[in-house]
Structure formats: structure tokens, C-alpha cells
Amino acid sequence: MITNLLSLGWDVNPTDPNKWFIILGVMLAGGVGAFLLSKAPTSSRRSIIVAFTFVSGLFWVLKYLWPEPIAFREGDVPRNGIEGFGKYLTDGVPFVSTLAQTLTAFLLGLGIFSLLRVHLTKISRKQKDWQFSVILLISLVTVCFFGYWDWILFNFRMKDVLVSDDPSTWTWVNQVQDILFDGLLQNMDAAMFSLIAFFIFSAAYRAFRIRSVESSLLMVSALIVMLSLMGALTFVWNSAVLQASGGNPVHFLSNFRLDTIAGWVQSNVQVPALRALEFGVGLGALAMGLRLWLGLERGGVSQ
Amino acid sequence: MSGFNADKLQKIDRRWLYVILIVSVAITLLVGKGTEIPVYPDDSSKDLYITLMNVPEDKPVFIQSDWTNSTRGESRGQMMALLRVLMSNNRKFVIYSMGDPQAPQVARDAIRMVNEERRKEGLDDFKSWEDYIELGNFPNAENSLNALGNNIRSAWGNRRRPDTTGVDRSVFESPVLANVQKVSDCGAYVVVTASSTIDFAVERISDKVNLNAMVTGVVGPTVLPYKRAGQVKGLAIGLKGVYDMEYMMKYGLNHQLEGGVIKVDYPQKPEVSLPPVPNGQTFGQGATNYLSLHIALGLMILAIILGNVGMFVGRKGGKK
Chain A
2 MITNLLSLGW DVNPTDPNKW FIILGVMLAG GVGAFLLSKA PTSSRRSIIV AFTFVSGLFW
62 VLKYLWPEPI AFREGDVPRN GIEGFGKYLT DGVPFVSTLA QTLTAFLLGL GIFSLLRVHL
122 TKISRKQKDW QFSVILLISL VTVCFFGYWD WILFNFRMKD VLVSDDPSTW TWVNQVQDIL
182 FDGLLQNMDA AMFSLIAFFI FSAAYRAFRI RSVESSLLMV SALIVMLSLM GALTFVWNSA
242 VLQASGGNPV HFLSNFRLDT IAGWVQSNVQ VPALRALEFG VGLGALAMGL RLWLGLERGG
302 VSQ
Chain B
3 MSGFNADKLQ KIDRRWLYVI LIVSVAITLL VGKGTEIPVY PDDSSKDLYI TLMNVPEDKP
63 VFIQSDWTNS TRGESRGQMM ALLRVLMSNN RKFVIYSMGD PQAPQVARDA IRMVNEERRK
123 EGLDDFKSWE DYIELGNFPN AENSLNALGN NIRSAWGNRR RPDTTGVDRS VFESPVLANV
183 QKVSDCGAYV VVTASSTIDF AVERISDKVN LNAMVTGVVG PTVLPYKRAG QVKGLAIGLK
243 GVYDMEYMMK YGLNHQLEGG VIKVDYPQKP EVSLPPVPNG QTFGQGATNY LSLHIALGLM
303 ILAIILGNVG MFVGRKGGKK
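One line per chain: the protein sequences are A and B, in this order.
Numbering-wise (our numbering), the first sequence opens with residue 2 and increments by one.
Numbering-wise (our numbering), the second sequence opens with residue 3 and increments by one.
Hints in this document: simulated from the structure, not taken from any laboratory.
Computed from a predicted structure; not experimentally measured.
Built from N, CA and C at the ideal position, the CB exists for glycine as well.
Treat the hints with caution; some may be incorrect.
As the list claims (entries may be wrong) - List of simulated lysine-lysine pairs, DSS-like, C-alpha gap at most 25 Å:
(1) B/Lys252 / B/Lys265
(2) A/Lys88 / B/Lys210
(3) B/Lys184 / A/Lys88
(4) A/Lys88 / A/Lys64
(5) B/Lys184 / A/Lys64
(6) A/Lys160 / B/Lys129
(7) B/Lys184 / B/Lys129
(8) B/Lys210 / A/Lys64
Unchecked claim - A few chain A residues that face chain B, going by a derived Cβ cut-off under 8 Å, partial list only:
(9) Asp77
(10) Ile83
(11) Glu84
(12) Asp130
(13) Phe157
(14) Gln187
(15) Ala191
(16) Phe199
(17) Phe202
(18) Tyr206
(19) Leu230
(20) Ala233
(21) Asn239
(22) Asn269
(23) Gln271
(24) Arg276
Claimed, not checked - Computed list of chain B residues with no C-beta within reach of chain A, every gap over 12 Å:
(25) Pro58
(26) Asp60
(27) Arg74
(28) Asp111
(29) Glu118
(30) Lys122
(31) His257
(32) Gly261
(33) Ser275
(34) Leu276
(35) Pro278
(36) Asn281
(37) Gly282
Next up, chain B with everything else stripped away, as it sits in the complex:
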């Protein structure tokens, strides 16, 4: 009897597994939208938040956006969280891609979505040319980063964008890049990627800029050695990284909320105290998808346990 059951446990039809996964995740996505889950953000996410909240007012943030829609579950949430922090603190940014040619369009879409959120909340739009510059795609990441590190004025010298009156001008005439003479003049450098373009950034410019990364769960482990070595200062990994950022945007870091409560503490850096973001939306895609991640991981763990229980019971039955 036990052998029969064990065999069944070991050979669940994969179609049933697929149905259970899709139904559970879909229901959670619909019902659990925006659910706030208490978390302990990772130290690497905290370091990223520290970097972004401390960008000097007169220095733009360089965003290398190399993701496409294939990883939008993680990357778009990361991108939007990053944009929200910067826009909320009124920090200018430059955005460009060195990976897939589709990447500039998905980045533009993310900017548009965050601007829409801001409009709904009665906040000002972030305007192209005045508040940010979008430079498009640069083929060959390794070579482009090399050129950027060597001489930014030469690397981006021919890029032109319409100013507020619609006249095409050199991007270095915009308020965003006017004071930038070399790559180290940026306030922070953030790579949002689902591929190895972060490796090139580490190789070519990590000694010149404050390099940070927002990467997918798959790429995350390969970036950890750079984080441990100090070549990457802040790092958000996967959906957990998105939710970490959103959580800190809402509750700050080492920051006393009303009633003296500190929701997110960083015992290793007690001297740091950062408030929540001053305005705009905090919870977004991270909060929407995080509960689904719990369900998916929970189901996977359950499936592994079932398979192993089946195997052990089956072996025991066989011995008898």
C-alpha cells in the first residue's frame, strides 16, 4: 500500500504541477496586489539605497539600462524603483543601453509609467532634456564602456537630442550633462541588467565611478563576488531586491518613524540614517509580485519534499 502511494508521490503528472503553479500564482497576483509583507532587506540592497539617497544634487546619475521585456518581472520593477527614488529626490539622470537594441524602448516605457504615477499624485513630470537625457543604444558594451571611461565627451559627443523648444542640440548642452567632463563626474552609476553587461562595467569603469547594480535573480550570484570585493557598491538582486528598495522607500533606513519604531535597521552602519523618499509612490511591482514569489517558492519546496518523501517511503517499502 505504502509502495503504491510512494510511487504516486514520485510520479505526479507534470501537467498537474503546471496547472497548480499557474493557478496559484495568477490568483495571488490578482488578490494579493500591493500586499505589504514585512521583510529584512539585504545588506546589499541597503547599500544601494544609501548610494541613491546620497547622490549630490548637482551630479547626474548614469543609468545603463540593458534589460528587455523577457525579464520584466524583475528588471522593470527594479528600473521603476530606481526612477522613483531619483525623481522623488529631484535628481537628474542619463539613461542609455549597451545591451539589446530593444532595451531603450522598454526604458522609455518605464520612465513614462513613473511619470504617469507622478501626474496622478499631482507631482511634476520629469522632462526630457531638462531633467533627464535618453541617449539610445550603444552597440558593443565592452568597447562603448571603454570609450566612456577614456573620454566621455568624445564617446557621447555626437549624440543630439531636442531641447525644450524642439531644436536638436548636443546632449552636453543640456542641464543634465552640462557640468560633466569625465565619467567620474556622475553622482552614481547604476547598471540595470539581466546579462553579463555588468561584468564589462566592472572591468572598464568600476575604478572611476560609484558603481551599483540591479540584476535578476539568475545573474545575481555572479555579481556577488564584485560586491564582496567592493567593486560594486550597492546591489539589488531579483524581485527580493525590488521589494527591499520599495520597503526602504516607504520606511527609510535606520530611521525612527512615529512612535520611535525603526522598521529597517542596519546595525553594521549605525551612523547612517535615511528617511523614506519625500514624495511619490513607494510600493509598486515589488509589492505586487512578492507574494506570488512566496507562493511559487513555497510550491517548489513542497514539490521537492513530496518527491523525496515518496522516494524514501518507496525505498522502505521495497526493503520490506
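With the rest of the complex left out, here is chain A:
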């Protein structure tokens, strides 16, 4: 019942005139559900969450392990119980995915709630740097306000007038939204990330020193890969190699092309190392997944 209600929020027919009421209803139901869970006795909370986690995980475990009928087409009837259950699981994927997406969307609300709680507390108690919290909350409200206003104008009130690719048709609201998103947020985002270049440069200068055999190997491989990224240098080097090998691309000297050496380092050193790492991470994730699924993990919300 609850899951049906929740999934309505995603599966609602876009042409249904009641869609906004349905969405609002689902949001309220979700909120009430979360509130009730928060009010549940601490002793029963863990059991509820473990039960939900196990049932959710069980679906995917069965989906991947249960034999599926091959070449099963629309309208075909399962021949036996095994095929029937396999089809039941496959048909259930859209519903379960829908439910998961709806829950993910709720996380956005949870994030905003958490942000507001932390920063409003900080402002009310005048904790250190509380002024930054004020700026953050003003920015949050402003972007939400103009974002939604812009969306309403584009999709409802001025749908036939506004053209997203033609700023001459925009109102001042759309202009402000554009300045906030494209003018400010996006550029600050890019600026923040570009600062990394300076730290990498400084760190490479200070830390990349030949102090041992291992560090020498690391530096030589890094230099080869960095040089191979410089197309002009690679071109000159490779042309010289080609000339030395008399223009024969299968000559022994061709092994010393810069991109060939870099490719060898990547294929035979980097990729195997990454594979080994990923195997380790995969095994760890599997173990952790099993612990979470079976309710063996003691930390987090289940405690």
C-alpha cells in the first residue's frame, strides 16, 4: 500500500490533471512515513530497517540468480513455475526501480532539511563564522525562488512566448536565473576545480624527488605518461624513431615510439594494478553488502 502510494509519485501519468495533487499527496505520505519512523521506539527501529533492507535486497538477489527464460517475448505465457517466477521478477524491475528513484528524490529533501538544521542552529547560537551560514541560506533561497519562477514562466504562464535559446524573449526573471546559474554558479564551480592545477603543480615540485628506487620508477613512468600527453613532442620523437627505423613501422626501433612506451606502461603496469585494486574493492563491497543485507552491520541507522 505504502509502496504503491510512493511509486505513484514517479509513475503518474503526465497528462493526468490531478498529477500535482498526487505528487503532493505522495510527498506528504512520505514525510508522514519518515516522521512515524523517527517516532518509533528505539528497540523496534532496528528491526523495521533490517526487514526493509532484507526484502529490498532479496528482490535483486533473486532477480540475478533466478533462471530467466531466454528469448521471452511480449505476450508469451510462462511454461512452468520457474519461468513464471522469473517473468514476475523481470516485470517487477520497473516498479522497484521507480520506487528507488522516488526514494532517491526524497534524499534531496532530506539534504535540504539537514542543511537548514545545521546552519540555522549555527546562526541562532552565533557560532564561529555564522555569517557564512547566512550567505549560504540566502543563496539557497534565492536560487530556489528564481529557479522555480523561471520554470513556471517557461512551462506554464509564458509557455508560448519564451524561447530557451533566444534571450531576447526572456523576462527579467529568466535573466536573473541565467545570471545566477550560468553566470555565477557554473563559473564558480569551474574556478574552484581549476585551483587544483596550482596545488598539483606545487605538490609535484616539492614531493616528486628521487629518494629511492621505487620513487625513481614512479617518476620515470609519470614522466613518460606526461610526455606522451604532449602531442607535439610525441610527434617529433616518433618521427625521429620512424626515420631511424628507415620508415619501417614493424622495425625493432618502433618499440621506442613515445606513445608505444606510454601504452606499454599503461597496459602492463597501470591496468593490472588498477584491476587488482578493483578486485579488492569489489570483494570488500560484496562483504559489506552482505553484512548490510543480512542486518549484521551494527553501525548507522540500524543501531
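Go by the hints and put chain B onto chain A.
This is chain B only, laid out in the frame that chain A set:
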């Protein structure tokens, strides 16, 4: 004396390093705009070009655009190169995001910019609904890709977009998606990302589609095992990948230009011969930024050498 100099070499004030970096890169960006640098494109970039140039005419390309402006130096160039190849060959595409909620807007901006380029060259715009469909953001990449692989009609069934008359209709009524019944009906699947969403695509749909990726230099090494295993068919990494694509868009692959010259060869696949793109701009952000990358990497190598020379000379001086 040598000890003093060595010490200086080892302790250059980082602010000077920052100034040198920013001035050099800024000047190169301004002066070296559009400079053509001869390169040997990577084999993985060549495979991507082969995929994109061989997309069947009646099949749309699915573009999972998960980048934002934080990596626009690489990702926007990749996105625009991808769009140029598709638009130039008149291939329809579907674009959506499964990463950051900002991603759909930066993708829309990239489409608008390539359309502007085309208008300047007297070419037709690519129009929403008829030539491409933009589906917006899907939260939870892993789950969304799972649903997409299982049943595309169900996963995207509720998405509606205005048709050419402005009436909202199901995206499956558009000329772009009309013939698509399952995810494997796409001509190619390209993930443009700066994050781990490529991992989810490999896990969930690499056995169903011709999966390709355009990733940042940081993410690139983590995708290489998938490329080597054949789970990812074509791969462009970082700014070099952008420039590789632009270079092949201009000169083709295993393609004889006037005078019989082949600028980009692929000795491992001699049977392939692809021409340059038929129309539109070829060099773009890759050519604009590639010279700056040379300068930045060159400076970094120089700084490393200086630091090490200083250390060795200092040690020698200390022993004396």
C-alpha cells in the same frame, strides 16, 4: 656556493610557481588559440571515432551526459566534439543525465553552442524533437541504468517533450525514439563523465549496447581496464582525447588526403578507412586548450627536474 644555489632551487616560493603557471597558461590560451599541433591519436580515440562514424542512419545515439562545469576544460570539449561528429553526419541523438542535477543544463548549453557554430557556417540547426530529444536528469545512476537495461519503454515511458507545434507528447512518439523498443536498438551509447557513472554503465548495460566513453584525465585510468576487456569500445581521455577527435574529424582515419598523404593511420585496423566529417567546424576547444596543456605539463616537468637537481647538488655539497 653550490649548496646555496641548490637550496634555492629546492625552495622556490610556491607563489612564484603559481604566477608562472597562470601567466604562461593565460598567454598561451590567448595567443595560441586554434593552433594546429600534429599528433598521433590514441588507439582508444580512434576506436571511438570508428564507432561514431559508423552509427547506422536509422538508429539514435544515446548520450549519457554526467559532467558539469567543474570539468568543462575537458568535458565540454568532449561533448562538443561528439555533437559535431553526430550533427555533421546527420545522426539523431538522445541526451540525458544520471549524475549531477546541473548536468542537463550544461549539456543544453553545449548543444546551443554547436548549433550556433552551424548557423554561422550556413548549416541547419539540430532541432529538439525532430533531431534530438533531451530527457533531463534521472536520479540514482545505478538504478536508472538498471531500469533502462531492463525495459527502456518503461524507464522513459513517462517523459514528455513538446513536439514541433509545442504540444507535449511522449518521447517515444518523436522521430528520434520511434523505432526504439529496447536499449540495444541504439546506434551507440556514449557516456561523457567526470565521475564513476561510467562504472555503473559498464556494470548494467555494457552487454546490451555498443558502450563508449569520454572521460576526464583523472577518471581515464580507471576506465582503461574496461577498454582493454572490450566492455568499452571507444574511449577518449582528457584534453588529449578531445584533440584526437578534432584531429580525426579534420583528417579522417586511414584516409588518403590530397597528394596521397595519410595524416592519421591505424596500422592495427588497415581495413578501416574513414573520411573527415562532411561539414561543420572540426577544431574547437581541443585545439584551443591543447597548447596550454603542453605548457602546463612542460612547466611541471621543469619544476620536477629543478627540484631534483637542487636535491642532488645539495647532497653533493653536503658531502664535501
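**Request:** Grab the minimum C-beta distance from A/Phe199 to chain B and call the hint holds if it beats 8 Å, violated otherwise.
**Result:** holds, 5 Å
**Message:** Quick check on the hint: A/Phe202 CB to chain B CB, less than 8 Å?
**Reply:** holds, 5 Å
**Asked** Minimum Cβ separation between B/Arg74 and chain A greater than 12 Å?
**Response** violated, 5 Å
**Item:** chain B contact restraint on A/Phe157 - CB to CB distance below 8 Å
**Value:** Check failed: Cβ of A/Phe157 comes no nearer than 12 Å to chain B, outside 8 Å.
**Check on B/Gly282 being off the interface with chain A, judged by Cβ distance over 12 Å** = Fine: 18 Å to the nearest Cβ keeps B/Gly282 off the interface.
**Item:** A/Arg276 as an interface hint toward chain B, with CB separation required under 8 Å
**Value:** holds, 5 Å
**Prompt:** Can we confirm that no CB of chain A comes within 12 Å of the CB of B/Asn281?
**Reply:** Per Cβ check, B/Asn281 is outside 12 Å of chain A; nearest 21 Å; holds.
**Item:** Status of the hint placing A/Asn269 at chain B (closest C-beta pair under 8 Å)
**Value:** Given a least distance of 10 Å, the restraint on A/Asn269 is violated.
**Message:** Please verify that the nearest CB of chain A lies beyond 12 Å from B/Leu276's CB.
**Reply:** holds, 20 Å
**Item:** Status of the hint placing A/Ile83 at chain B (closest C-beta pair under 8 Å)
**Value:** violated, 19 Å
**Item:** Straight-line alpha-carbon gap B/Lys252 to B/Lys265, limit 25 Å
**Value:** holds, 10 Å
**Request:** Sort out whether A/Lys64 lies within 25 Å of A/Lys88, counting only the CA atoms.
**Result:** holds, 10 Å
The structure is inconsistent with the numbered hints 9, 10, 11, 12, 13, 22, 27, 28 and 29, although it conforms to all the rest.
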